[in-house]
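Those protein sequences? They're chains A and B, same order as listed.
Residue 165 in our numbering sits at position 165 of the first sequence, and the numbers go up by one each step.
With positions in the second sequence counted from 1, the corresponding number in our numbering is that position plus 262.
Be careful, since some hints might not be right.
Straight-line alpha carbon distances no greater than 25 Å define the calculated PhoX-like cross-link-like pairs of lysine-lysine that follow [stated by the list, open to error]:
id : chain 1 : residue 1 : chain 2 : residue 2
1  : B       : 282       : B       : 368
2  : B       : 323       : B       : 434
3  : B       : 463       : A       : 45
4  : A       : 180       : B       : 323
5  : B       : 368       : A       : 45
6  : A       : 205       : A       : 180
Across the chosen pairs, the derived CB separations fall in these ranges [said to hold, decoys possible]:
id : chain 1 : residue 1 : chain 2 : residue 2 : range
7  : A       : 251       : B       : 493       : 54 to 60 Å
8  : B       : 434       : A       : 241       : 46 to 52 Å
9  : B       : 485       : A       : 47        : 22 to 28 Å
10 : A       : 84        : B       : 503       : 45 to 51 Å
11 : B       : 405       : A       : 240       : 42 to 48 Å
12 : A       : 10        : B       : 445       : 53 to 59 Å
I should point out that these hints are in silico values taken from the structure, not numbers from a laboratory.
All values derive from a computational prediction rather than experimental measurement.
Using N, Cα and C, we set each Cβ at its ideal position, and we do this for glycine too.
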Amino acid sequence: MIKYYHFARIAFGDHLNNRLRIFTRYLIFLLLDWVMIAMWDLIYKSGYGPVSITRVDMAWHMAFAQMMFFLSPRLFVVIDSDVRSGNIGYFLNRPIPYLWMRFAEGVGALAGNLLIYYVVSIPFIYLMVGGWPTGGTIAITAVLGGLVLASVLHLLFQILAGLSTFWTNDAVFIYHSYQKFCLLFGGIYVPLALYPSFLSGEVLKFLPFASLVGNPVGLLFHPTWSGIAEVLALQIFWLGFVGICLSMFYQMCLRKVEVHGG
Amino acid sequence: MAEILSNLRFFLALVRMTFKSATGQRSAMLIRAIFSVTPHLIYIPIWFIVFTVAPDLGGWKLEHALYAYGLSIACWGLVSLFAFGLRMIPEQIDHGELDSYLTLPKPVLLSAAFSSSKNTGLGELLFGIGLLIFCCVRYDFSWVPMPFFLIIGSVVFASGILFFATLGFWLKQFLGSAEEIYFNFNLMASRPAPIFTGALKVIALTLVPVSLMSHVPIEFVVYHHWQTLGFAILGVVSYALLSVSFFYLGLRFYESGNRFGIRG
Numbered sequence: 001m002i003k004y005y006h007f008a009r010i011a012f013g014d015h016l017n018n019r020l021r022i023f024t025r026y027l028i029f030l031l032l033d034w035v036m037i038a039m040w041d042l043i044y045k046s047g048y049g050p051v052s053i054t055r056v057d058m059a060w061h062m063a064f065a066q067m068m069f070f071l072s073p074r075l076f077v078v079i080d081s082d083v084r085s086g087n088i089g090y091f092l093n094r095p096i097p098y099l100w101m102r103f104a105e106g107v108g109a110l111a112g113n114l115l116i117y118y119v120v121s122i123p124f125i126y127l128m129v130g131g132w133p134t135g136g137t138i139a140i141t142a143v144l145g146g147l148v149l150a151s152v153l154h155l156l157f158q159i160l161a162g163l164s165t166f167w168t169n170d171a172v173f174i175y176h177s178y179q180k181f182c183l184l185f186g187g188i189y190v191p192l193a194l195y196p197s198f199l200s201g202e203v204l205k206f207l208p209f210a211s212l213v214g215n216p217v218g219l220l221f222h223p224t225w226s227g228i229a230e231v232l233a234l235q236i237f238w239l240g241f242v243g244i245c246l247s248m249f250y251q252m253c254l255r256k257v258e259v260h261g262g
Numbered sequence: 263m264a265e266i267l268s269n270l271r272f273f274l275a276l277v278r279m280t281f282k283s284a285t286g287q288r289s290a291m292l293i294r295a296i297f298s299v300t301p302h303l304i305y306i307p308i309w310f311i312v313f314t315v316a317p318d319l320g321g322w323k324l325e326h327a328l329y330a331y332g333l334s335i336a337c338w339g340l341v342s343l344f345a346f347g348l349r350m351i352p353e354q355i356d357h358g359e360l361d362s363y364l365t366l367p368k369p370v371l372l373s374a375a376f377s378s379s380k381n382t383g384l385g386e387l388l389f390g391i392g393l394l395i396f397c398c399v400r401y402d403f404s405w406v407p408m409p410f411f412l413i414i415g416s417v418v419f420a421s422g423i424l425f426f427a428t429l430g431f432w433l434k435q436f437l438g439s440a441e442e443i444y445f446n447f448n449l450m451a452s453r454p455a456p457i458f459t460g461a462l463k464v465i466a467l468t469l470v471p472v473s474l475m476s477h478v479p480i481e482f483v484v485y486h487h488w489q490t491l492g493f494a495i496l497g498v499v500s501y502a503l504l505s506v507s508f509f510y511l512g513l514r515f516y517e518s519g520n521r522f523g524i525r526g
């Protein structure tokens, strides 16, 4: 395990060194937050806001939902590039599985992002929203905790998308499809509880996309211990399931590797 | 004048060559075009859900959101198909690929922008146009300005890409972040215009001019405000000039000679 720790540690330091890139990405995150909060402000002003959710709670929900996509590094781009350039051939000779090496790097960079986004975003969101959520500190802590596991799950999905390059030669559209599924079934634009009856939130919450965003961020509205336990259990299940699928998929990819030249 | 005409001929030749190269592998292009449509088909129901919750967003309804999305996707496809090089500028900078273009007598930007193509662009372009046509038929929008909006939308989007890609002269390994910016730029263009008020409206008209790309065209389709359209055209030209100037400013900081390469 110590070698994975060192990969994560190096990635953590490397990630934090790219200050300008982090800053640029953070600005996009703030801009998207701003737009989503403005959209729901307009919905409430137009009289369509749900009675069961306050405007402030909804704004915090939107901000945290956007945050999930920004916490993880864009790992699929690295894997896509490794596969396409053939560099993956060099990594396969090493006494450490490529898959878990990249995952460890992803976790390292994720830790760096968690530090920045969690510390800086809370005051920013407070300023944008103009109040604290009804659930108070417990709700915020529960959501932030849930987003850590969600981001790890997101990393696993990104690796899956990245490894798909072996067949598709382009991970970007696979990742974009996955991202759009998250937007549709994850409850990013609209909380899952408000989905129309033909897309019941009660069913959607069992999908992995909800474990990424809708379930952990939904804790803002009802931060109960049973709710937290349910969200956690679902996240752990999906982490295990996707992790096993990923290991099997990786074995398939290894049979597909073709390296030409040197 | 002669130089402008010569550059125009060069531009047309580049576009022709890039398109020919992209369509060379027909079956690969077709498969990727089909797959590239999938994410957009998944995204559209989101607006149905949003407008189920709130049927009217400050005057914007489902049809406006669909038109805006069609326009933004078609522009994304058009730029990817003909000027994919723009998106790859940060990588070209990192790999020292601008060296070979600097030795050519023609403008660097033309060569860098129009020398490569992404074949998923065709699917996105056709999907976007399909959605626009659907809106025109289903919601009785005017067909006439559609090609014009596609052109100005693509110019805005291409200028936006160029503007942010130019940051690659100062930020190394910027491609990943730049791609994220392009993606969100395009996504924001499909968000309802009434959301953008106050400072957000200023940003949407200047630094990230998504309003010029989709909001103004939709306003014209609905209300036929010629004056707004006139100002928008002025804004598009100004933003394009700003982006090009910014690129040439960045080019002064370009550290060439990173890699040796020969281009025939």
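Taking the numbered hints from earlier one at a time, note which ones the structure violates and give those numbers from smallest to largest. Violated hints (numbers, rising): 2, 5, 8, 10, 11, 12; every other hint is consistent with the structure.
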